[in-house]
Structure formats: C-alpha cells, structure tokens
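With the hints as constraints, model all of the structure from the sequences given.
Here the protein sequences come in this chain order: D and V.
Numbering-wise (the working numbering), the first sequence opens with residue 1074 and increments by one.
Numbering-wise (the working numbering), the second sequence opens with residue 8 and increments by one.
Treat the hints with care, since some could be wrong.
[Stated by the list, open to error] With a straight-line cut-off of 20 Å between C-alpha atoms, the simulated DMTMM-like cross-links for lysine to aspartate or glutamate are:
{"no.": "1", "chain 1": "D", "residue 1": "Lys1369", "chain 2": "D", "residue 2": "Asp1424"}
{"no.": "2", "chain 1": "V", "residue 1": "Lys432", "chain 2": "V", "residue 2": "Glu470"}
{"no.": "3", "chain 1": "V", "residue 1": "Lys635", "chain 2": "D", "residue 2": "Glu1224"}
{"no.": "4", "chain 1": "V", "residue 1": "Lys797", "chain 2": "V", "residue 2": "Asp738"}
{"no.": "5", "chain 1": "V", "residue 1": "Lys91", "chain 2": "V", "residue 2": "Asp31"}
{"no.": "6", "chain 1": "V", "residue 1": "Lys54", "chain 2": "V", "residue 2": "Glu87"}
{"no.": "7", "chain 1": "V", "residue 1": "Lys323", "chain 2": "V", "residue 2": "Glu235"}
{"no.": "8", "chain 1": "V", "residue 1": "Lys323", "chain 2": "V", "residue 2": "Asp266"}
{"no.": "9", "chain 1": "D", "residue 1": "Lys1108", "chain 2": "V", "residue 2": "Glu404"}
{"no.": "10", "chain 1": "D", "residue 1": "Lys1293", "chain 2": "D", "residue 2": "Asp1257"}
{"no.": "11", "chain 1": "V", "residue 1": "Lys635", "chain 2": "D", "residue 2": "Asp1436"}
{"no.": "12", "chain 1": "V", "residue 1": "Lys789", "chain 2": "V", "residue 2": "Glu541"}
{"no.": "13", "chain 1": "D", "residue 1": "Lys1108", "chain 2": "V", "residue 2": "Asp760"}
{"no.": "14", "chain 1": "V", "residue 1": "Lys635", "chain 2": "D", "residue 2": "Asp1481"}
{"no.": "15", "chain 1": "D", "residue 1": "Lys1108", "chain 2": "V", "residue 2": "Glu671"}
{"no.": "16", "chain 1": "D", "residue 1": "Lys1108", "chain 2": "V", "residue 2": "Glu681"}
{"no.": "17", "chain 1": "D", "residue 1": "Lys1108", "chain 2": "V", "residue 2": "Glu87"}
[Stated by the list, open to error] Stretch-level coverage of chain V by chain D, calculated; a stretch enters the list once three of its residues show a Cβ under 8 Å from a Cβ in chain D:
{"no.": "18", "region": "86-100"}
{"no.": "19", "region": "640-649"}
{"no.": "20", "region": "745-755"}
[Unchecked claim] Calculated from the model, a selection of chain V residues having no Cβ within reach of chain D, i.e. all distances over 12 Å:
{"no.": "21", "residue": "Gly143"}
{"no.": "22", "residue": "Gly238"}
{"no.": "23", "residue": "Arg448"}
{"no.": "24", "residue": "Gly613"}
Rather than coming from a laboratory, the hints here were simulated on the basis of the structure.
Glycine included, each C-beta is placed from N, C-alpha and C at the ideal position.
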Amino acid sequence: MYLSVATTHRPATDLGFLLHKHPERLHEVELAFGKAWLLYPEATEERCEAALILDVDPIGLVRGRGQGDGLLDRYVNDRPYAASSFLSVALARSLRTAMSGTSKERPELAESEIPLEAVVTPLPARGGQALVRELFEPLGWTVELEPVEGEGPTRYLTLRLKGRARLSALLNHLYVLIPVLDDDKHYWVGDDEVTKLLARGAGWLETHPSRELIAKRYLKHRSALAREALARLAPEAVESAETREGRVEPEAEIEKPLRLNDERMGAVVEALRASGAKVIADLGCGEGKLLVRLVKERWVERLFGVDAAVIDLERAAKRLKLHLAGGPPEGRVTLLHGALTYRDRRWAEADTAALVEVIEHLDVERLPALEQAMFGEARPATVVVTTPNAEYNALFPNLAPGAFRHPDHRFEWSRAEFRAWADRVCEAWGYTPEFSDIGPVDEALGAPTQMAVFRRAGA
Amino acid sequence: MSRMSRRERIERDDGTPRTLAIPDFALVVLIGASGSGKSSFAAKHFKPTEVISSDRCRGLVCDDENDQSVSADAFELVAEIAGKRLKHRKLTVIDATNVRAPDRKRWIELARRYHALPVAIVLDPGAEVCAERNQGRPDRPFGIQVVLRMTSEIRRGLGGLQREGFRQVFRLDTAEAIAAASVTRQPLWTDKRVDTGPFDIIGDIHGCADELQILLGELGYQVAWSGEGSGRAVSVTPPAGRKVVFVGDLVDRGPNSPDVLRIAMAMVGAGQAYCVQGNHERKFGRWLEGRKVTIGHGLQQTVDQMEGQDRDFREKVTAFLDDLRSHVWLDGGRLAVAHAGLKAEMIGRGSGAVREFALYGETTGEIDEYGLPVRADWAAGYRGETAVIYGHTPVVEAEWVNNTLCIDTGCVFGGELTALRWPEKELVHVPAIRTWFEPVRPLAPVGGSPSAQAQADALVDLEDVSGRRWVDTSLRGRVVVAEENAAAALEAMSRFALAPEWLAYLPPTMSPSETSTREGWLERPEEAFAHYRERGVAEVVCEEKHMGSRAVIALCRSAEAASQRFNARGGETGAIWTRTGRPFFGDAAVTEALLARLRGRVEAVGLWEELSTDWLLLDAEIMPWSAKAQSLVDTQYAPVAAASRAGLSAAGETLARAAARGVEAGALRDRFAERAGRAALYAEAWAPYVWPVGGVDDLRVAPFHLLASEGRVWFDREHPWHMAIADRLTDGRVVAATRWRTVALADEAACADATAWWETLTAGGGEGMVVKPRDFVARGPKGLLQPALKVRGSQYLRIIYGPEYDAPEHLSRLRERGLNGKRNLALREFALGHEGLKRFVDREPLRRVHECVFAVLALESEPIDPRL
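Below you can see the structure in the form of structure tokens.
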C-alpha cells in the first residue's frame, strides 16, 4: 500500500514536473476501491521524494460482491494493506503521463536516466527474496530487501531499489512486477490484459530472462493468454512456457522425474484390457486422465466416471469433449457425481472398476465402507487398484522422510500392508488378487506404485 | 373389486344396461374403430386427467391431431404419461383405436411394469354407426372401408384378449349399450386400507396347531372346538375389535396342518382374520387340485394328515386356498402383510410379479452350501412408508429392518411362533413344544453377528442423500434441501467426515443478536434480551462463549458400548467431531485420551447410572482455538496483522514527515495514526485464544449441552439442567467450566447486570456470550424461536470483520447486515439436528439418521455471510 520514489538529480524538485504533481500539495486520487494519496515527505534541491499511499476501503472491497460467496478470507485479508495490483492501478491512474515517459515541462529530463530510489512495502513476495532479485536485477536495479516482521516469519518484504534509469522505466517495472510478485490480481484477467502487459513491458520485457514467469503470473496463470503474450513477445519461446512455473499437483512435482503418471495409466489400461473389461467404471476419476485414454480404446464399450468433486467432473467433461461435436458418441461415457463410501447402483452394469490412486485419499476407517460398496454390493468381475508404495518414498529426493506424496493422502502403504489389505478383502468377498509393480523397480524398495487386480471367483 | 373368480372372464351382453365394475387402480384400454365413441365414453366415465388420448398426443407433438405420420412419437408420449400415472398408482385410460393385438401389447407390458391390472373395454356399435359419425367430421376423410376393416379386426381379436393378458374384458356391442353402460370402481382385493385393525399378525405356523392355540390364547383369543371326525369344528372369539393376519405357510412339516387350516378357515370365514398365501399353500393347493407336484419340503406330512379327512373338508380347503390373497394392505396404508415380503412399488397392486414376489421373495439366482437358493436382501433396500410384515425365511429373532419385519421364527424347527401386535408393535412369542422338523440350513448364523438393522445399515445408499430432499422434522415440519446443496455436501461428507455410524448429530449454526444501534458497537446484549422479550420469553440463560472450536462428543462407557450403540469396529470408545463432521483430532490417541478424561468425570459424578446409559452425546467447545485453527492464524490472521502494521506505519511516517515540512497532511496523518492503532489492537485480538498444545493436559473441553443418551434426547430439559450437568463434569483442568447465569427479562436491573457481566467478560479477552431461552426448545407466537443468539465482544469482532471494522465510517456500513437468512438456517438446522437425534435414539435405520445429518451439512453450503 506504500510506494515512494526519490531522486537526487539536481534540482531534485524537478521530480514534481516529471510526476505532474506539485511537491507542496497533498494530491488525492479517487479510485474504484478507495483513494490514493500522493505527497512529498521531502522536497529539496538535493533530494526529492514522492510517496503514493493507498487508502483501500476494506468494507467496500467485500460489499456487493455476492454475500457469502467465499470463506472468511474474503473479509479478513491483507488486500487493503499489501502492495498488489491495487497499487499498480493507483500508479496508472495517478501517474499516467509520467509512466508514458513524457513531460511537458521537462521533456528531456523524462528521456534521461537519473539517479532513482524506490521503496515498496509491504510487498508480498511469492517466491521469496531470490525471485525478487531475479526480477529486478536484470533490469539494472540494486535490490535491498528487508523482511517485514510479524509474530513469525511473513512473506512480506520491504523492497528498496536503487539505480539510474528513466523515471518512466522505474514506474513501469513496478507496475508489472508488483502483481507478479504478489501472484494475484484483484480484477478479472481478460484478453486486454495481454495488450496492457505488452505496453507496460515495452523495451524491457522482451529480453527479460524471466519473461515467461512474468507473463504467466501477470496473466494469472491463464495459460492460453500467457502463450498469446509470449507469442507476441518472442514467437520462438512458446514451447517451454508450459513446463515452467505452473501450479502443479504436489504429487506430480515429487514424482516428476519418473513420469510416473503416464506409466501408471499405461499399466492400468493394459491391465484392464488384459482382464477382458468391456464396461469400466473409473471410480475417483478426477479430471478424467484415465477416461481420456480409455475412450480411445476400441475394446471399451462403455465408461463410467465417478467422482465426489463436481469441479473435477466438469473438467473431465471438458477434457473428454462430452456432448460436444467431435466428442464420444452419446452414452459411451457417463460421468456421475458420487462417493465411494455409499452404495451406488448407477454404475452397476460395469463389469470392471478401476480405483487409480484413490484409496489413499480416504481415511483408513472409511475403507470398510468402500470395500462393502465395491466388493460386497457392486461386485464387478474385475477391480483394479493402484496406490503408492510407501517404501519407495525414500528414493524421492524432494520428499521429506515420513511425508506423504500428496497433502491429501491419508495413508501410504508398504507393499506388505497393501497385500495384507488386498488379501483380507479377497478372503471376505470372494476375490483373488494379483499384484504387480508400476514404474522402475528398486531391488530393496520395490516400485513407486503398486497395483492389484482383483478377480471375482467364478467370473 | 371383490375378487373375480379366476374362471370368469368375458362379460356377456344380454341387452340390459351394463355396469362395468373395474378396479380403482387399473390400466383401462379402450378398443374401438374410429367413430365408435371412445372419447365420448371416456369423457363420460373418467376424469379428464385419467384419459390419455393418442389424438391429443399427436396434437401435442405436431399441432395436428390427425397426422398419422407422427404416430410413433405420439404413442411414445401416451406410454410415457401413462407410465408416470401408473407409477403414482393412478387409474389410467388409454384412448386409442387399439385395433390389433400388437397395438395392445405395449399397454399390457406397461401395466405389468407398474403392477396394474389391464382392463379392456371394447366399443363396437357396428361399422355403419362409426362411418356415419365420421362422415359428420371433416377431419376424418376416410370411407367406410377403413372402419369396416377396423371393426372386423377387433372382432377377430376378441377371443384372444384374455390370452393377451387383459384381466377383465368388457364388450359393448351396440350404440345403445354403450350409451347405457356405467362404470363403477372398486378397491383391489388386496386393498383393505379401510380396515384399521388393530391386528395380530402371526408368523409361519407349518402345522404347529398347539403352538398356534397357545399363541392365540396369549393374544387373548378364545378357541373352542366342537364335534369329532367329519363334524370337527372350531370357533374363535377375538378380543374386542382385533383381527388376525396370517402370513401364510399354515401347512406342511408340522404335526397338525388340518387343525391349523380349520382355525384359519373359521376365522377368515367369520371375518376375524385375513390370510395371505404362502408358497406351501400354493403347492398344497395344486396337489389338492390333483396336479402333479413334487412332494418335498414337508408336504408329505400334510398329505398324510389329509388322509383321514373327509371329502367335504378337502373341498373347503381347496376353495379356501384358491381364494387366498397375495398380500393384504391395511390400516390406511400403513401396514402390509405378505408371505415373503413385498417391494414398496408392489404394495396394493396386482400382477404376476407381485404374486410371485409375495410368495417367494427375491433370490439372487445363486445356491448356497445347503442347496437352497440365496435370498436377495430386499429388506435392506426397502425405503417404503408402509411397514411390511412377512415370514417365509426363518430367523432366530424378529428384528425390524428398514420398516420391515420378518416374524417367521422357525416354530416348526424348534424355534418360536411369533406374533406382532399392530399398531402397538409388540412382539408376542410362544416357544415350540419340540423340534418338529429338522431344518436343512441351521437357523442361527455362525458366531455372533450384529443386529439385522446394523447389517442392513453397513452402507448408506447414495439415493438416500442425493438429489432434492425433503426431511420431515417433528420440530419444524418439512425441511427442504436443494439438490445443489446436497451435491455440495457429498464431497465433504464422503471424503472428510467420520463414518455415518458416529455422526448422529451436527450442531446448527447460530445467529448473532440484532445489530446494536449504539455508537461504536456492532453487537450488544440489550438486543438479544429484547429479541427474546418481544417473543414472550420470560427468562434467558447467558452462557460464556468460549473461543475454541465447536465439537460434538460421542462418549461411551467402554469399547463394547461403542460397538453396540455406534457399530464401532476399531475398538474406539467414542468420537469427537467438528461442526462439519470431520474428526476433531487427526490423532486417534488424542481423541481417546480426551475421552478417557471425560469418562473419568462422568464416572466420578455417577452419570452413567443416573441416566441409565452407557453412552452420551455432548455438545462442547474445545480450546484452544489454535488447536484447530493454527494454520488459519498463520496463513490468514497473522499476515494481515503484519501487512497492516507495516503498511500503515510506513504511510504514517511519511505523512508525519510531509506534515512537518508544511504540507497540509495533518488530518490525514492523524487518521492514519488512528488506523495504525486499530491494526495494533487487531494483532493482539486472538492472543488469548492461542496457546501451544503439547498433550491432552493443554486442551480444555467445555461441554454445554447433553444432547442424548440411551433412550433419550434431552432437548426437553431446560438449559439450567444442562449447565448443572456441565458444572458437575468440570474438573477445573481439562474439563473446563462455562460461566453462566439466568436473567429474568422483565427485571431491568438483572438485564443491566448481565450486560455488565458481558462487558467484563469481553474486556478480559472473552469472545462474548450466548443467550438462550430457558427452554431448550422454545416457541413464540410465530413458532419456533432461535435456540440461541450470540453476542460477540468488540475486540473479538475484529478477527471476524477485519482490523478497522469499528472505524465509524466502516461500522455504519457493517450495520446493514441481514440476519434473516442466517436465522432461518439456524432454525432448519436445529430442527434437523433434533430429528436426527430422535431417530438415532429410536434406533431407526442409519440412513434415516444420516439423512438429517447430511441435510444439516448440505444447508451449511447455502450462501450466508460467514461473518454472522
């Protein structure tokens, strides 16, 4: 909420001409979300400093936004205080001319590099001090950082930039990079945001080593927009944009070197095909990664995808192009909102069920309900279950000892534990199991993923 | 209708005006050529909504009632509408020509699917009459040939209508007969809903005549025998107004089937009993009729016993057996009796499938190790409102499962003969005199097994919770749960909540008091007092509101009690869950340790004995807040404190420097100083609610409601009673006290005193207080009152509304808050919570309890300002 710009160029008070704001007055700027104040705490020949203070209306922020549409964080949050896209908007509104690099009174000064110093606080830096340096240092700034003290460590910094540059360059750098560090926007990011980014980034973003990250974050991780921006910036850079700095699943991050997910899906598809599956229920289908692969297989007659999360089902429908031209024929894929701890007759006709990386997302105490629903009630001829092999976790370099691969995992089993469970289930419900490994096998610790194929006796 | 003799079929026409007696639930198919007067006939004898006309459906499909090209679609529509009506057990009339057998086949199938009797009414005034009528209608431009062809086709098919499946066929073959005919409706043979009993329903007797007489004696019936040999007769005198319902299987296996038959026949004949057909009656009847049957399953005994009986008795028995109902539907629809049970969609209906199901039940097609068919557990899936009493499958003990009860307790196998008194729902047993017949399959399941209901309950069906739902509550009538809310709750319930067996209750949300109008305040006790005073409440209870996390605690005396009452499987002695049903502690050991503390206190004050229970459900607050909310503090509250302090102090300092050198920023400087002051207060606001927890000793649990215990929901006790129990449970350490007081609302001094008490509490870092009517369930002139209102302290509200909420310019806007949505929600959730507890205590099926709990969670997904 606080930004100051100072210069020691002589006469320093020329800063007032560059900013188009008189140093002896208090300037008030009306904004949609409150007010901004611009004033000069110091204005001498030697040094002149202008400060932009944001006065965000914390009540106005949440009023008229649809009551209750969200949790308490909508009401008690740092937005009125942190340096964020609010500050960028205030900059653009109050210092438009200065940002464009023109000055009626001092046109040549606006064009020249002068000694500048800027302070921004509190700056929420997602990515830490290293990222702040990565973003500002390539632009020629000397970066000084001071953590903002709280009860414990906070993610806020006081940022101090020093260097020689045109004033407009400094302002544009801040305009773009503050929300990039905050990694958020208070407004909806639409297509025109690409144009804005390109305008503000003119002359420096094209060559910035972190331009992909900047584009991606500035456009709020809307990858299509980020790709468009990059394509317009530097057409050859597009391919790599996908791979860096996405909001990836933590599990995928940990297992990444193995491309385990691909291998797992391949193994499951193969196990399903080998079992003679025709009508398959993918339980806990999530966004439909397995369904997308199965829908292409000719031996599959019908598919059910069941998940408890409506949003995942919507994504799965999109991924599968359900009810769209070019999508699977009507009736080939059925997505169902359901839960595995309840009896559900809607997918009863499936001869095969797949539970791919699903059981570990249920509390162990709830497994008996799943077992009964699956093996006791639905009783498909074949059930394919995969789950992490906890022993293998020791081989993941970026996984703390004892930690799970995903924060939502309720348990991760060793091979012996998985087998004991599978054997008990088979004993109780009349199935026979067959175990296999997925992924590279370590001699001592096994493979990263373990799979069991359950066959109903007599099926 | 009184039952047709099965041999009677086509009603002949003798010229006198005809009365067509049809069942009040049937699919009536009109058959007649174009112009035969079907629509007029239908309009005369049936309600417009009962008649589905193919012409009308053609019109609906394409605007032209005569466009034959859309017939296929039009008939699909007819079938669709008719199907929906039949599903709801509504008489339906198909108004179409239905000339050929293939045209009619569809209706027969439709009737079968919904177990409605198909009735054919043929209108045949002759082709000339039809043609003449058609001539007068410009929309029917066809000649007599068409009508002639139709008429002859109808006449050719007449003889086959029975074979096609029509249970009744009426033919009206002159224009006069059609005009003169009338239609009457009669209840189905099985529909005895008008008979409200009371009833004594008796299980499978299998020739155990002595046990039957003893049982009838126990039930208060007097049985008097007279005569010998062929003159042997019996008369029964029932207790006033009572009737017997036999569930069938009177005969076979046992020592004296003829006497059992004599008793049943005498009672049915005298209108003192109903008897439904059992599979043994079916087979015995066929044997009596001289058909070839395999003698097995104890039929031999009956055959032997019939040896000595005279011809007259045999004939009476034959007629009696031929006349038995498939099932009987009684007592205003609340009760149905069928030999092997009946699905909800079959009750009070008639079809071959109904009869077969009632006789044999449902089997999976598999054969068990004793060579007997494996029975599908239809009762586990039963969801009907009608109680179904049945026999057929011997069980060790009669146990209710989903509103069904099997009362075949295997008397002939040495078990008991059981009767159910209805509507008292009392079971009366008579032990077998001896084992008359060795069972093929042992009666008792191997090893101890959970109750039949617990077995049926092991899984809740998705259909029991999803979709738009209506839950009937005793406190507030019907509560509706929107489909999208139920969907929203599904993920939370299935992925995060405890097993439904534990979750007997979720607490309702609580509304704040009306917004205070006093300068500088958002909430004050005066408004809460006024709220209840205006609604006629004389006295309220004020309870200190702990700033922790709401918890519901199921506390059992032992792991065994937990297994008995909550079907716990893991040896746990209770459970603690949050207001959204999640386990309160991630670590089961912490839960058990806390339960042990509480159990020690309950033990010490003798509450188990006092309440004759071995389990309790408690509503409580567990502190510190940070035990559950530390991550919220770290990610939400603390950052706001740090950011506001840093930002406001940087701004303040700059403003001060500017003001010092003469810029007109003095007022702004002061305002920012004030803002910084509020931010500093905010940073301290949650300090009293945060402390490190190293073990159970660092936790505080403050119970404030005793929700339920064995056989009781304690909502009928006043709050002082609940608080007295809470006070007794306090140990001054882990089980914390809740400060409370009663306030007479008419007493101004007492109100002022309570207000001062609240000010002290909140000034000392307390969250605030909860004001409740003295009665747990309080009603005012406009119905149920808010069970509680919270009055939060001004410092606590900073956590909720943000650091600067009490700046005058903010407060004025925050005052505009609507409480109606929140309050309405609180009442609905309160009623649902109570309903769930009531059902739990009454040992209703798990799905019935879970339905209420699920509904509370679903309602919580309604968009309501979370700051309220």
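Hint-by-hint comparison with the structure:
1. Lys1369/D / Asp1424/D: Answer holds: Lys1369/D to Asp1424/D is near 18 Å, not above 20 Å.
2. Lys432/V / Glu470/V: 28 Å, violated
3. Lys635/V / Glu1224/D: 18 Å, holds
4. Lys797/V / Asp738/V: Distance of about 26 Å is beyond 20 Å: violated.
5. Lys91/V / Asp31/V: Between Lys91/V and Asp31/V the Cα gap is close to 17 Å, so the pair holds against 20 Å.
6. Lys54/V / Glu87/V: 19 Å, holds
7. Lys323/V / Glu235/V: Since the Cα atoms of Lys323/V and Glu235/V sit roughly 17 Å apart, the hinted pair holds (cutoff 20 Å).
8. Lys323/V / Asp266/V: 13 Å, holds
9. Lys1108/D / Glu404/V: Violated - the C-alpha atoms of Glu404/V and Lys1108/D are around 77 Å apart, more than 20 Å.
10. Lys1293/D / Asp1257/D: With Cα atoms ~6 Å apart, Lys1293/D and Asp1257/D stay inside 20 Å; holds.
11. Lys635/V / Asp1436/D: 18 Å, holds
12. Lys789/V / Glu541/V: 11 Å, holds
13. Lys1108/D / Asp760/V: Violated. Lys1108/D to Asp760/V sits at ~44 Å, over the 20 Å cutoff.
14. Lys635/V / Asp1481/D: Given pair Lys635/V, Asp1481/D holds - Cα atoms ~17 Å apart, limit 20 Å.
15. Lys1108/D / Glu671/V: With a Cα-Cα distance of about 17 Å, the restraint between Lys1108/D and Glu671/V holds, given a limit of 20 Å.
16. Lys1108/D / Glu681/V: OK: Lys1108/D and Glu681/V at ~17 Å, within 20 Å.
17. Lys1108/D / Glu87/V: 63 Å, violated
18. 86-100: violated (count 0)
19. 640-649: n = 8 at 8 Å, threshold three: holds.
20. 745-755: violated (count 0)
21. Gly143: 47 Å, holds
22. Gly238: Answer for Gly238/V: holds, closest chain D Cβ roughly 57 Å.
23. Arg448: 19 Å, holds
24. Gly613: Answer for Gly613/V: holds, closest chain D Cβ roughly 32 Å.
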